Amino acid sequence: MSGRVLIAVTHLLGIGHLVRARHLAGALAQAGYEVVLASGGMPDGRAANGYRFVQLPPVRVVGTDFRNLLDEEAERATPERLGAREAGLAALARELRPDIVITEHFPFGRRQLAGEFLALIEAARAARPQVVVLSSIRDVLVAPLRPERLAEAHRRLEDLFDGVLVHGDRAFLPLEASWPVPPALAERLHYTGYLAAP
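Residue 197 is where the sequence shown ends in numbering that gives the first Met the number 0, and the numbering goes up by one at each step.
By construction, these hints were calculated from the structure, which means they are not laboratory data.
Fair warning: this is a prediction, and the values are worked out from it, not measured in the lab.
Think of the CB as a built atom: it goes at the ideal place given N, C-alpha and C, for glycine as much as any other residue.
Incorrect hints may appear among the rest.
Pairwise CB distance ranges, derived in the manner of DEER restraints [stated by the list, open to error]:
id	residue 1	residue 2	range
1	Arg145	Pro197	32 to 42 Å
2	Gly114	Glu157	28 to 38 Å
3	Pro197	Arg51	12 to 22 Å
4	Ala83	Pro146	27 to 37 Å
5	Gly31	Ala126	28 to 38 Å
6	Glu74	Asp168	25 to 35 Å
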């Protein structure tokens, strides 16, 4: 296999999203893809293995307050920092002209970072109109309580995404156990099995 893959991830609290994205990046690189992993969370100090790693200006949260994004010094992330993140992702898309873009957890979550994910997808489509856009998610999600947020996620999936990589086993735990799966979404789900270190 060959082609260019751009993966965008921001882990805000723990490092699970980044660990999963690193496993995915490594597996795709081993399969022959040229992979760039862009991380917008706090640095984890690990070296990239077979893929290029790009650190965006990091943001994080404290506790479960996902509305207030903080920088490394626990100060509120400025509009300039958020703008630099958005510009960095768009620039990567223009530079790489990826065949595949993968967003970790968006649009199922990370609403507060929607601007940068949407800018990434727009820039990738401008650079390569036939780009395949995928969402990458764990097998257990937390569905929004507000119906309009769920509708927004489903609308974005339908309008912007070609598929969803569900890192789990459908026979063990189907996505619909934790997230409403309408028919339009069900046909886009691709179960990958669980991602783990080799």
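Hints and how they fare:
1. Arg145 / Pro197: 32 to 42 Å: holds, 40 Å
2. Gly114 / Glu157: 28 to 38 Å: violated, 19 Å
3. Pro197 / Arg51: 12 to 22 Å: holds, 20 Å
4. Ala83 / Pro146: 27 to 37 Å: Roughly 34 Å apart at Cβ, these two residues keep to the hinted range, so it holds.
5. Gly31 / Ala126: 28 to 38 Å: Given range 28 to 38 Å: violated, Cβ gap about 21 Å.
6. Glu74 / Asp168: 25 to 35 Å: This hint is violated: roughly 41 Å between Cβ atoms.
Of the numbered hints given earlier, the model fails hints 2, 5, 6; all others are met.
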